[in-house]
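These protein sequence lines map, in sequence, to chains A and B.
Going by this note's numbering, 16 is the number at position 33 of the first sequence; the sequence numbering is gapless.
Going by this note's numbering, 270 is the number at position 287 of the second sequence; the sequence numbering is gapless.
Everything labelled a hint here was simulated from the structure, so no lab data went into it.
Even glycine gets a Cβ: it sits at the ideal position worked out from N, Cα and C.
Keep in mind that the hints are not guaranteed to be accurate.
Claimed, not checked - Derived Cβ-Cβ restraints for the label pairs, each shown as a range: (1) A:A208 to B:S179: 17 to 25 Å; (2) A:A250 to B:R330: 47 to 55 Å; (3) A:R48 to B:S179: 47 to 55 Å; (4) B:W227 to A:A250: 41 to 49 Å; (5) A:G247 to B:A11: 44 to 52 Å.
2 protein chains.
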Amino acid sequence: MPALDDLLTCLRFASVSTDSKHNDDTRACAQWLVAKLQGMGLTTQLHETPGHPVIVAKNKHVAGRRTVLLYGHYDVQPVEPLSEWLSPPFEPTIRDGRIYCRGATDNKGQLIAHVSGLAETLAQHNDLPVNLTILFEGEEEIGSPNLKPFLEAHRQELACDVVAISDTGMVAEGVGTFTYGLRGISCMEVKVHGPSIDLHSGIFGGAVANPATMAARLVSTLHDAEGRVQIDGFYDGVQPLQEWERKSWADLGDGAAETLALTGVPALFGESGYTERECRWARPTAEVNGIGGGYQGEGSKTVIPREAFFKLSFRLVPDQNAERILDLAEAHLRAHAPRTVRLEIKRGHTGSAYLMNPNSALGQAAQRALKTTFGGKVALIREGGSIPIVQAFKDVLSADTLLLGLALPDCQAHAPNENFPIANLEAGIRLNQALLRELGA
Amino acid sequence: MPALDDLLTCLRFASVSTDSKHNDDTRACAQWLVAKLQGMGLTTQLHETPGHPVIVAKNKHVAGRRTVLLYGHYDVQPVEPLSEWLSPPFEPTIRDGRIYCRGATDNKGQLIAHVSGLAETLAQHNDLPVNLTILFEGEEEIGSPNLKPFLEAHRQELACDVVAISDTGMVAEGVGTFTYGLRGISCMEVKVHGPSIDLHSGIFGGAVANPATMAARLVSTLHDAEGRVQIDGFYDGVQPLQEWERKSWADLGDGAAETLALTGVPALFGESGYTERECRWARPTAEVNGIGGGYQGEGSKTVIPREAFFKLSFRLVPDQNAERILDLAEAHLRAHAPRTVRLEIKRGHTGSAYLMNPNSALGQAAQRALKTTFGGKVALIREGGSIPIVQAFKDVLSADTLLLGLALPDCQAHAPNENFPIANLEAGIRLNQALLRELGA
Chain A
-16 MPALDDLLTC LRFASVSTDS KHNDDTRACA QWLVAKLQGM GLTTQLHETP
34 GHPVIVAKNK HVAGRRTVLL YGHYDVQPVE PLSEWLSPPF EPTIRDGRIY
84 CRGATDNKGQ LIAHVSGLAE TLAQHNDLPV NLTILFEGEE EIGSPNLKPF
134 LEAHRQELAC DVVAISDTGM VAEGVGTFTY GLRGISCMEV KVHGPSIDLH
184 SGIFGGAVAN PATMAARLVS TLHDAEGRVQ IDGFYDGVQP LQEWERKSWA
234 DLGDGAAETL ALTGVPALFG ESGYTERECR WARPTAEVNG IGGGYQGEGS
284 KTVIPREAFF KLSFRLVPDQ NAERILDLAE AHLRAHAPRT VRLEIKRGHT
334 GSAYLMNPNS ALGQAAQRAL KTTFGGKVAL IREGGSIPIV QAFKDVLSAD
384 TLLLGLALPD CQAHAPNENF PIANLEAGIR LNQALLRELG A
Chain B
-16 MPALDDLLTC LRFASVSTDS KHNDDTRACA QWLVAKLQGM GLTTQLHETP
34 GHPVIVAKNK HVAGRRTVLL YGHYDVQPVE PLSEWLSPPF EPTIRDGRIY
84 CRGATDNKGQ LIAHVSGLAE TLAQHNDLPV NLTILFEGEE EIGSPNLKPF
134 LEAHRQELAC DVVAISDTGM VAEGVGTFTY GLRGISCMEV KVHGPSIDLH
184 SGIFGGAVAN PATMAARLVS TLHDAEGRVQ IDGFYDGVQP LQEWERKSWA
234 DLGDGAAETL ALTGVPALFG ESGYTERECR WARPTAEVNG IGGGYQGEGS
284 KTVIPREAFF KLSFRLVPDQ NAERILDLAE AHLRAHAPRT VRLEIKRGHT
334 GSAYLMNPNS ALGQAAQRAL KTTFGGKVAL IREGGSIPIV QAFKDVLSAD
384 TLLLGLALPD CQAHAPNENF PIANLEAGIR LNQALLRELG A
C-alpha cells in the first residue's frame, strides 16, 4: 500500500521542532514532503522562515471553483520519557494494526492520509474537484510562531473559501467526528532563584528560603482544591456552555468511564457543576507541564537547591485573551512570591480559542463527508487541545476551518507509544476524497 | 609536603557512596587508606559490610592510657550539577591556597590532616600519647546504614573513653571552634502517581489531577509563610535554647550579614523570634532537596506528567525522635493527598540530634587543644548539619564526641567547587598532635 509506505518514510524523520538538535531532521522531513507533492503534479514551494520551513503546494486553480486550504504539520513533540517506549520512537513499528511512532497520529498519519487521498484522485482523474492549496508547517508543536506572519505576507497566494485540517480526535472508533471548537493556549516558564550555589541543607537550612519549596508554594496558589484557577480575572469573558452542546455531549455516552479507563487515574478531578467532557472541552485550565529543582538522582543529597522551575500552560476558551492571561498570571505569581527569592518569568507561545457554527453551509458539507466515510451519526464536539493557527486562518484569511479528526482516544498523542490505526489511514484517504467532492459540488 | 600529596591522592578517588556506579572508586579509596595506615605502623583492617567497607586501625594499646577513637569518612557527596564546577570535581586543583575538589573539606581534607598528624608523631616518637583506634567509614553521606551494626558487633574492639571527629566547621578563618551539638536528620522520598502515561494537557486537562500540581500542593502544606513546619506534633519535645547559648552565639558577630554574603540569597528567611544562627543550629526544619516531574527539556511540552516526586529531609534537634518524625510526616502527607492521585512514600536514613556539655573534663581538653593550635578565644557552637554516628557512639560505646572542625564557612561542602585551605590542612595536623597530648596528659 503506497500510502502506508509513505507514512512509514515520513515517520522516520525525527522532526522534533522544539529541540534544535533535530533541526536537520525537521528540514529533511520538509524536503521529502516537497518532493512527494511535486511528484504528484502539484506546484510546490518550500518557503524559508526564521524557524522551520513552510510548504505551499497547489493544483492548477480554475475560476469558479471553491478554494480549499488543506493544513497540516510535519513537526512532532519530543519523545521523553524515552524509557516508556515499547519500540524506538522514530522507528515506526506495526503491532495489531496500529503504527507506533512519534508523530504517527499527531500529525503525520492524518497528513499523509490527505496527501494519499489527493494522490489517488490525481492519479485517476488528473484533476481535483476544487482549487487546492496545501499549507504544511513545521512549528505547530511550538505554537506556530512564524505561521501567522507567513499568512499575512502571503495573504493573496493563500486566499481561500475554507480551511480543512485533520489534527483532532474521533470520539470513538468508526464514529465520524466534527470538531467545531478548540481551546486556546498560553505558555510560561517560571524560575525561582535563591542562593548563588546549592547549599548544604544542614548548615543553612532554616535561615534561607528553599527555591524548590517556594516554587511549590507558588504552584499551590494557582488552584483551589477542585482545580478552579485562583488568578484574579482569569475567568473574565469566559462564555458559558450552551444547552444544546451540553445535551449533545451527554448523548455521546459515559465520558467519565472512558477517561478513567484511558488515563488510569485513581479518580477523576475537576470543577463541580461540569461533566468531565465539559471540563476538558469548554473550561479553562492551568497545568504544570514540568517542575524541577535540586537533586534528581538516586538516593538522597541534602542540598537546598540554588533554583527551581516550573513550566505552565493555560488552556483557554472563548473569549479569554491569551496575552492578557499571561499578564494576569505574571502579576499573580509576582504578588505571591516572597522577597526571599527572585522570580524569572519567560513567556512562551499563545493561541486563541476557536469556535465556529457547525451547521453553517460549510459545516454541513463537512458533516456529509464524514457520514459518507464512516456512516452513522456524526458527533459534534469541541476539543480541549489547541491549534492556534485555526484562529489565525479566521483573522488573516477570513476563513472558517473544518476540523475532521482521525485520532482515536487511545492514540497517545504527545505521549510515549503514540500510534495510529492503519484503518484510520485508509478512512482518511476516503474522507479526503469525499470532502473535496462535497466542497466542489 | 607529604600531607598535601596524600590529600591530593585521596581526593582523586570518586568515592560517591550514594551512586552504585562509583562502588569501585569507593573501595579503591578505602584500600589506599588501609595501605597508608599500615605504612605508618598501625595495625589496620578493612572490614566488609553490606555496603562500603569500614577501616579500623590501632597503635599498640597500653594499659592506663586514655583510649581515643578517631572517626572520619572517606565517601563524598555526588557532584551534580557538574556544569557549575570551575575545575573537574575529581581532579584536585589548587587556586589561591585552596584545594578545589569534591570531598576536599567533607571529609577527606580533615581526615588526612589527622592521618598526617599521626604520621608525623609516629615518625618522630614511634609512639602516640594515647591508645588510638581509627574508625573510617564509607557511608557517612548516605546516613551510615551499616556503621551502627558494626559498632554493636565490634563493641569490645572499639571500646574507648572519647571520640574525636573533624567533620564540622570553624566560625571564621583562624578561630578555633568546638561544636557541642548537631542537628539530627530524617529523610523521605515521595512519589505522586496519577495517570498511567503522560497525557496531552489539552485533551485531558481539567478532568484529571496533575501529579506535578498535586506534589506542589503537598509541599505547600509543610510550612507556614515563615518556615514553621505545619506537621502535627513536629515540635513535640523540642528543647528550648539556653540563655548562655543565645548570648555566646550573639557574641560571635553578625551571622545574618555573613550568611547573606555566603549564600547570595536576596533576603534571609526563618522563624520570627530566632536569630539566623539559632534557626540553623537549634531549630528543626523540613527541606525539599529535590523536586521533579514532567518535561525537563528546552522549550515547552504540553503534558500532564504521569508522576512527580519530591525528596524531603528534616533537620532535627533534641529531643525529637527521628523515626517518629517520619511517621508524623507520612501521616500528614497521606491526610493531605487527594484521592485523585496515589502516594508512594519511601523512608530514607535517620539520625538523632546530639548535644554534649562543652565544659566537661573532655570538653575542656578539646578547648585547650584548640587554643594551643589557633590561639585566641575558642568559639562554642552547635551546628546545623548531622553526623548521626555521633549519637551512635554515645548509645553503643557510651562515649562523648569531641567535634573539632576545620571547614570554613565558604568551603562549599556538598556544593560545586568544594574546597579546603592548605592552611587548614596544616592547622589540622597541629590540632591532632595537641589534642592527643591533651587527652594523653
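Hints, one by one, checked against the model:
{"no.": "1", "hint": "A:A208 to B:S179: 17 to 25 Å", "result": "holds, 24 Å"}
{"no.": "2", "hint": "A:A250 to B:R330: 47 to 55 Å", "result": "violated, 26 Å"}
{"no.": "3", "hint": "A:R48 to B:S179: 47 to 55 Å", "result": "holds, 48 Å"}
{"no.": "4", "hint": "B:W227 to A:A250: 41 to 49 Å", "result": "violated, 55 Å"}
{"no.": "5", "hint": "A:G247 to B:A11: 44 to 52 Å", "result": "holds, 46 Å"}
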